[in-house]
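K.L.:
First to last, the protein sequences are chains A and B. 1 is the number of the first residue of the first sequence in this note's numbering; add one for each residue after it. 449 is the number of the first residue of the second sequence in this note's numbering; add one for each residue after it.
Any given hint could be a false lead.
[Unchecked claim] Calculated cross-link-like contacts (lysine-lysine; reagent style DSS-like; alpha-carbon spacing at most 25 angstroms):
id: 1; chain 1: A; residue 1: K160; chain 2: B; residue 2: K461
id: 2; chain 1: B; residue 1: K474; chain 2: A; residue 2: K178
id: 3; chain 1: A; residue 1: K313; chain 2: A; residue 2: K242
id: 4; chain 1: A; residue 1: K313; chain 2: A; residue 2: K214
id: 5; chain 1: A; residue 1: K178; chain 2: A; residue 2: K434
id: 6; chain 1: A; residue 1: K242; chain 2: A; residue 2: K178
id: 7; chain 1: A; residue 1: K313; chain 2: A; residue 2: K178
id: 8; chain 1: A; residue 1: K436; chain 2: B; residue 2: K474
id: 9; chain 1: A; residue 1: K345; chain 2: A; residue 2: K387
Just so you know, these hints were derived from the structure itself, not from any lab.
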Amino acid sequence: MAYSPYWNPKNETMARDDLHALQLYKLRRMVAWAYANSPFHRAHFDAAGLTPEYIQTLDDLRRIPFMTREEWMASIADQPLFGDLPATAPANAIRYHLTSGTSGRTPIRVLDSTKDWDWIAEMWCYGLWGFGIRPQDSVYFAFGYGSFIGFWGAHYACEKMGALVIPGGAQTTEARVKQIVELGVTTVASTPTYALRLWQQATEMGINLATESKVDKLILSGEPAGSIPAVKRQLEEAWGAKAGDTAGMTELGTIMIFECARQPGGTHIIEDHYIEEVVDPATGEPVPYGTLGERVVTSFGRGFIPVLRYRTKDMVVKVPHTNCDCGRTGDLYDGGIRGRWDDMKLIRGTNVYPRAVEAIVREHDAIDEFQIYIWRRDDIRDEITIKLELKPGREAEWPALEAGLARELADAHEGLRFLIERMEPGTLPRFELKAKRLEDARPTAVYS
Amino acid sequence: MTQTDILGRPLNKDEQDLLAAYNALKDLATRADLAPCAARNVRRALAAMWQATNDLDLQFEQLYELGV
């Protein structure tokens with residue numbers, strides 16, 4: 001059977017002018033809904049002297065004040081459990097989820113109605129279908145199915161698309177590898193980190209996933225690494241499969257960008273369901289195509305918890321849709337999500353972003369696992385050490401790798417010296433969901 | 449019956465049928481006399497039809513007053 005390459009051909013290939021007209025229509029409706037029903041948004045609008053009638057054009061979007069995670073958390077703290085953001089009664093909800101909490105902050109709790117929960121799956125359908133998942137696929141979710149929203153939406157999207165869903169659930173990595181091979185799985189959904197971990201485990205079990213499994217697609221989410229070329233290349237070689245990046249956030253409930261089957265080196269924005277702005281993080285002013293900035297998202301999905309002009313702190317570079325020849329008219333984020341502004345570490349006056357370090361480290365195929373360790377020498381001098389483990393059988397490469405990696409990292413960071421430390425195999429932590437490969441051990445000042 | 453989508457473009461036959469099915473489910477969801485097996489499955493079906501009709505720009509509305 002011949003399928004359309006698009007989940008929604010009408011809108012995914014829509015002329016940009018029509019797309020903007022659609023966005024304006026939805027924006028005006030969503031703003032009116034939020035103003036009438038969400039105390040949080042009404043207060044926000046009132047404080048800015050704004051009413052929904054002011055939104056007449058897409059440019060008027062910029063009159064709406066930014067919404068921040070800090071405000072959302074404060075609202076939850078003031079009015080537990082969900083704050084004053086919900087626009088309808090909690091009794092209308094059928095799902096409860098919360099953010100992963102990997103940043104150590106208070107998690108954000110969210111509720112979804114039947115319609116909103118189905119919309120969450122719908123957004124995943126855009127991405128999964130766009131990357132090539134079809135009803136004949138068997139999709140394995142290497143995911144723990146807890147309260148963190150993770151791949152829940154993708155699971156239901158695959159059911160909706162008619163694919164066979166295999167929930168990995170709470171199992172050992174070894175048991176998951178066995179299932180993937182024995183059940184003839186064609187697609188694995190996981191974080192980039194865990195896809196590498198599955199491959200490492202398979203290798204220890206004497207299984208070559210590229211030749212002994214039927215997996216031909218990897219769906220990656222949860223970490224920026226899914227769009228790091230070296231990580232993608234390693235995964236594609238290890239699995240003998242195409243790796244497609246997606247990105248979402250609990251605040252939206254689902255994904256907002258995905259990599260299509262053409263793999264253009266970026267991720268398409270689902271622009272009939274979102275408006276994605278890119279702004280200068282310092283001034284809040286929009287930046288042009290091709291300029292690094294901060295994502296600001298407005299969602300037309302969840303009406304339960306309206307999200308208008310939400311500052312995500314994600315670093316992105318938007319480029320026109322013409323950078324991809326798949327026929328979609330949704331613009332792209334070149335290189336996907338490039339990290340977070342608040343991930344930046346200052347080491348002796350030099351900015352260090354974990355994703356940039358990972359992009360360099362992963363160029364060295366002999367490295368099995370790594371950790372970025374920041375510490376203070378003699379209570380004075382900040383240091384950064386890359387701790388790493390080598391893959392079995394690659395030990396002879398260590399001297400050249402140590403010198404080369406240190407040089408490459410320094411060259412990319414204004415000459416900053418990186419210390420390289422080799423660790424015994426199995427000593428660095430492994431991760432299933434979002435990897436936390438940065439440890440900042442510098443003392444924190446306490447003021448009494 | 450609406451003859452255009454939310455951007456004012458004429459509906460084709462498929463879109464007319466989809467919108468009619470969506471509106472029929474909305475009508476069913478307003479009834480208070482349906483058995484639980486019908487009432488709840490109507491809401492599930494309505495949530496699904498909301499996606500199709502919203503994706504195709506046939507409507508953009510909220511359904512919380514119907515418990516969806």
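K.L.:
Under the criterion that the straight-line Cα-Cα distance not exceed 25 angstroms, is the pair K160/A, K461/B satisfied?
P.N.:
Roughly 24 angstroms separates the two Cα atoms, so the pair holds.
K.L.:
Below or equal to 25 angstroms on CA atoms is what counts here, so check K345/A against K387/A.
P.N.:
17 angstroms, holds
K.L.:
Are K178/A and K434/A close enough, with their CA atoms no more than 25 angstroms apart?
P.N.:
23 angstroms, holds
K.L.:
Check the hint pairing K313/A with K214/A against an upper bound of 25 angstroms on the C-alpha distance.
P.N.:
38 angstroms, violated
K.L.:
What's the verdict on K242/A and K178/A, does the C-alpha distance respect the 25 angstroms limit or exceed it?
P.N.:
21 angstroms, holds
K.L.:
Would the pair K436/A and K474/B pass a check requiring their Cα atoms to be no farther apart than 25 angstroms?
P.N.:
46 angstroms, violated
K.L.:
Between the alpha carbons of K474/B and K178/A, is the straight-line distance 25 angstroms or under?
P.N.:
Answer violated: K474/B to K178/A is near 46 angstroms, above 25 angstroms.
K.L.:
Does K313/A pair with K242/A here, judged by a C-alpha cut-off of 25 angstroms?
P.N.:
Violated, at about 29 angstroms.
K.L.:
Does K178/A sit within 25 angstroms of K313/A, going by the straight-line distance between their CA atoms?
P.N.:
Measuring from Cα to Cα gives roughly 39 angstroms; hence the hint is violated.
Checked against the numbered hints above, the structure violates hints 2, 3, 4, 7 and 8; every other hint is satisfied.
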